[in-house]
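*Asks:* If you read the sequences in order, they're chains A and B.
For my numbering, add 6 to where a residue sits in the first sequence, where the first one is 1.
For my numbering, add 6 to where a residue sits in the second sequence, where the first one is 1.
Just so you know, these hints were derived from the structure itself, not from any lab.
Don't be surprised by glycine CBs; every beta carbon is placed ideally from N, CA and C.
Careful: at least some of the hints might be erroneous.
[As the list claims (entries may be wrong)] The calculated lysine-lysine pairs, modelled on BS3-like cross-linking and capped at a C-alpha distance of 25 angstroms, are:
(1) B:Lys281 - B:Lys208
(2) A:Lys460 - B:Lys460
(3) A:Lys379 - A:Lys208
(4) B:Lys379 - B:Lys281
(5) A:Lys224 - A:Lys281
(6) B:Lys281 - A:Lys44
[Stated by the list, open to error] Computed spacing ranges between beta-carbons, pair by pair:
(7) A:Gly457 - B:Glu362: 57 to 63 angstroms
(8) A:Asp494 - B:Gln264: 43 to 49 angstroms
(9) A:Ser450 - B:Gly220: 43 to 49 angstroms
2 protein chains.
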Amino acid sequence: MANGADALCDTFLANGIDTCFANPGTSEMHFVAALDRKPQMRCFLGLFEGVVTGAADGYARMAGKPAATLLHTGPGLANGLANMHNARRAFTPMVNVVGDHAHYHLPNDAALTTDIESLARPMSRHVRRIAGPEDVSRATAESIAAASAAPGGVSTLILPADAAWSTVDPDASIAKAEWRAAAEADPQMVERAAAAARSGGKPMFLLAGDALSGNALKKAAAIAERFGGRIAAEQTNRRIERGVGRPPVERMPYVVEQAMAFLEGVTDLILVGSKTPVTFFAYPNLPTSPVPPGCRVTRLAERSDDLPGAIDLLGQALGLNDEIGWSGARTEPPPLRHGDLTAEAVLVSVTHLMPENAIVADEAVTSGRSFFKLSHGAAPHDHIQVAGGAIGGGLPLALGAAIACPDRKVLSLQADGSGMYTNQALWSMARENADVCVVVFANSRYAILQGELKNVGADEPGENANRMLRFDSPAVDWVAMAKSMGMDGARAETAETFHDLFKSAMGRRGPFLIEACV
Amino acid sequence: MANGADALCDTFLANGIDTCFANPGTSEMHFVAALDRKPQMRCFLGLFEGVVTGAADGYARMAGKPAATLLHTGPGLANGLANMHNARRAFTPMVNVVGDHAHYHLPNDAALTTDIESLARPMSRHVRRIAGPEDVSRATAESIAAASAAPGGVSTLILPADAAWSTVDPDASIAKAEWRAAAEADPQMVERAAAAARSGGKPMFLLAGDALSGNALKKAAAIAERFGGRIAAEQTNRRIERGVGRPPVERMPYVVEQAMAFLEGVTDLILVGSKTPVTFFAYPNLPTSPVPPGCRVTRLAERSDDLPGAIDLLGQALGLNDEIGWSGARTEPPPLRHGDLTAEAVLVSVTHLMPENAIVADEAVTSGRSFFKLSHGAAPHDHIQVAGGAIGGGLPLALGAAIACPDRKVLSLQADGSGMYTNQALWSMARENADVCVVVFANSRYAILQGELKNVGADEPGENANRMLRFDSPAVDWVAMAKSMGMDGARAETAETFHDLFKSAMGRRGPFLIEACV
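Okay, chain A solo, but in the shape it has when bound (with noise of 0.2 angstroms):
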């Protein structure tokens, strides 16, 4: 006898969805003994929330479609928050599966009853409660369809345990799920770009989404090099083609002044998709924007309109025709360092040792500053990010992409005082045997926040500051760490003890973890 559960799983499957994530409690049991009988779905345990929705958002990120994640109740959802914000401002699609108590049952305020709705908003695009039995497969297929839709986003269906156990009519048909496909760039919007290249300036295209691949990539990076323009992503991005034979991206900076100084001369910002730029945070007397005085701002296309198509219009209305072709300039990886372990040194020897086709998941924060310049002569790789801003998201990030590329080696640029946030993602690697490589830049401080606290006035930090901005006291030992959970990993503490490591990291599958001593 099918029930609610059952409804949502088929609906799942029926919908292309195959991969779930979970975190589940005792109000999700039905969902987990439905998933039981369907082992066409594929169900990852994440030993917190934040693992599961990370994992998610990498997942998603590189398999083209969402994964389904199941966490239980207010609290487990509250725990996944911090990484479906990740994933909302990386675009993401997914679809979060709460479980909640039976709808009778929230009027005693059990324990764990919580305003999961409030709770969601903030992250999702889409908050939908399951009204009843019935009521499963056309809110599990709407859930799928909002997440879907162009760019893509956070869905979050609330799962009464009622609905989940209720017997459903066995014919009741499973809903479908469509969604509007992503739209053509307005015309006048093509001309007012077509305009701004060609204004004799020096434009510079923004550009976000799948602009950031394949063709589109190219054909931009043509187009800019046409006008004497350039073409830059922002700061952060949900995925970017890089290295040898694609163009070389560069990232609007997060330091306010390096952003001003990237901008500078840029007389016509093109956004294709991307947002007209701001700063991470304010500061006094500082503007809010780096966007010089008198730059004009340009939209060819929305973020949910067909960006490759967009540039192709573009290209048109310039009157290039289809043959226009980037000049590919080769980059030479820099040479390799030598001597004490800088941050520096384990990014140049990542660039020359990453196989081709890699997937680098980037949460260096700091440390990974100078990652994209120093990278461009790499081997082809995908590179992708924490885009939210909400650290965390680096490790779950690695192990959703494994999930979805096995045949792809992931590299994991993993800053410390963010890895500590979801270390447990590093058991999820061992279970899984994942192929990812963790590198760790263990400087055992929150560094980001100490050149902050340096831009606030403060001179030398005191011993409140200190307590608060330090953790090398005691220092966290990874390797035990990765140790403790399953992985197997080792230090490296000179730049050619690093080298080889990673070297022999790269000749061989499944997971490990080298803490940078940096």
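Start from chain A and add chain B according to the hints.
*Replies:* Here is chain B on its own, set in the frame of chain A:
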């Protein structure tokens, strides 16, 4: 020149709040700089926000006054919500300071922008956004008052960065927090409760809050004894005084059938600050309240009333003089277990060996279910537990209790599944040299869910269910994990080894972890 952040610190200090659990970010750097100027404020770093809010919960339960927390924007708050939820269910006073963007930066929708109010409200009794620098002190005092008003609760105070960094009039006064005291119980309710006690049936006094300690507890036990009744506590509680010389309080069982058996024959349930019991979850074909049909429910006092005072008034209404005493029957500790280690063997050894005045922070979940029955004869101790059903509260509670009571031994009875959620608390224990002995019940499974899956009618879990309910492959090595964060530990696989290890742990100060393989 003082700024808003200074006013915030000064208002905390002027109102007796001198402890801040923190995980700061950029938008809180002015607050960090201000804390750096106030060495009277003690700051404790958590490497994840769930540690921060859970520790503030444990601190306040033992210190009897709130701690402040410092959280970074919406995602930082989100990470702390699960343990704020536990605190709200325990009626723990807590003041969360959540840093946000400068008010004029919010419309730019920078990466970390979120609807903080929507996230905070479900777990807070009071949410307040600071309107500007001159509003800081008043808003802070209001938040302290809201947290402190009986019976205690969670306040969330949103601090825009520009309110923190802008200068304030140095002559402006620092606001004092004022709040209502616990109310005297309604005389009519007292009369009705007295009539229920006298009814000649079998009354049960269901105690909450301050009725579970000191003379109030003893007096309630004496009244129950006199009228042929029992005393009990709710399933989850803020703090209970237990052990030799204290009346043995039983807790409402978690399992529905056991709760129904627990209440069988009770004719009058007298609520002393407690709620009418409801089941933790709803199940098909089971009631959502274990209260037997025909049992009268009478309320002596509201949770926000003066509960010890209400018990005094009840005694007077019952014509009992002030000398009425509880008979104080001594319960002997159960005999030690031998051979393979079981959860019960652990609990028996703990009962025998725990030092006087210990604090037991209990998140042992299934492994700890028999703890109450076994430990009535233990040395006098305080028992605190995760109150809202959101797992991951235990280790942070233990940390906070140890910081509130540095002269008392803290025992953390910790299930492994929940312990993984906030394992970062071990690092804070090591850093603060907190006098905590963590006992991890390592069974590598969500045992509570295995039971629940059986309840829903699944016989033998298949692959998908096992992949979501067991985490034994690989098993977490808790000793290695503790050592990775600077905490010493050891493993026990027999009752004898555990007994010896625990005995030796009781003889030393400072953090120590025992992995009990059960």
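*Asks:* Next, verify each hint and record whether it holds.
*Replies:* Verification of the hints:
{"no.": "1", "hint": "B:Lys281 - B:Lys208", "in the structure": "holds, 19 angstroms"}
{"no.": "2", "hint": "A:Lys460 - B:Lys460", "in the structure": "violated, 57 angstroms"}
{"no.": "3", "hint": "A:Lys379 - A:Lys208", "in the structure": "holds, 21 angstroms"}
{"no.": "4", "hint": "B:Lys379 - B:Lys281", "in the structure": "holds, 23 angstroms"}
{"no.": "5", "hint": "A:Lys224 - A:Lys281", "in the structure": "holds, 21 angstroms"}
{"no.": "6", "hint": "B:Lys281 - A:Lys44", "in the structure": "violated, 41 angstroms"}
{"no.": "7", "hint": "A:Gly457 - B:Glu362: 57 to 63 angstroms", "in the structure": "violated, 49 angstroms"}
{"no.": "8", "hint": "A:Asp494 - B:Gln264: 43 to 49 angstroms", "in the structure": "holds, 44 angstroms"}
{"no.": "9", "hint": "A:Ser450 - B:Gly220: 43 to 49 angstroms", "in the structure": "holds, 44 angstroms"}
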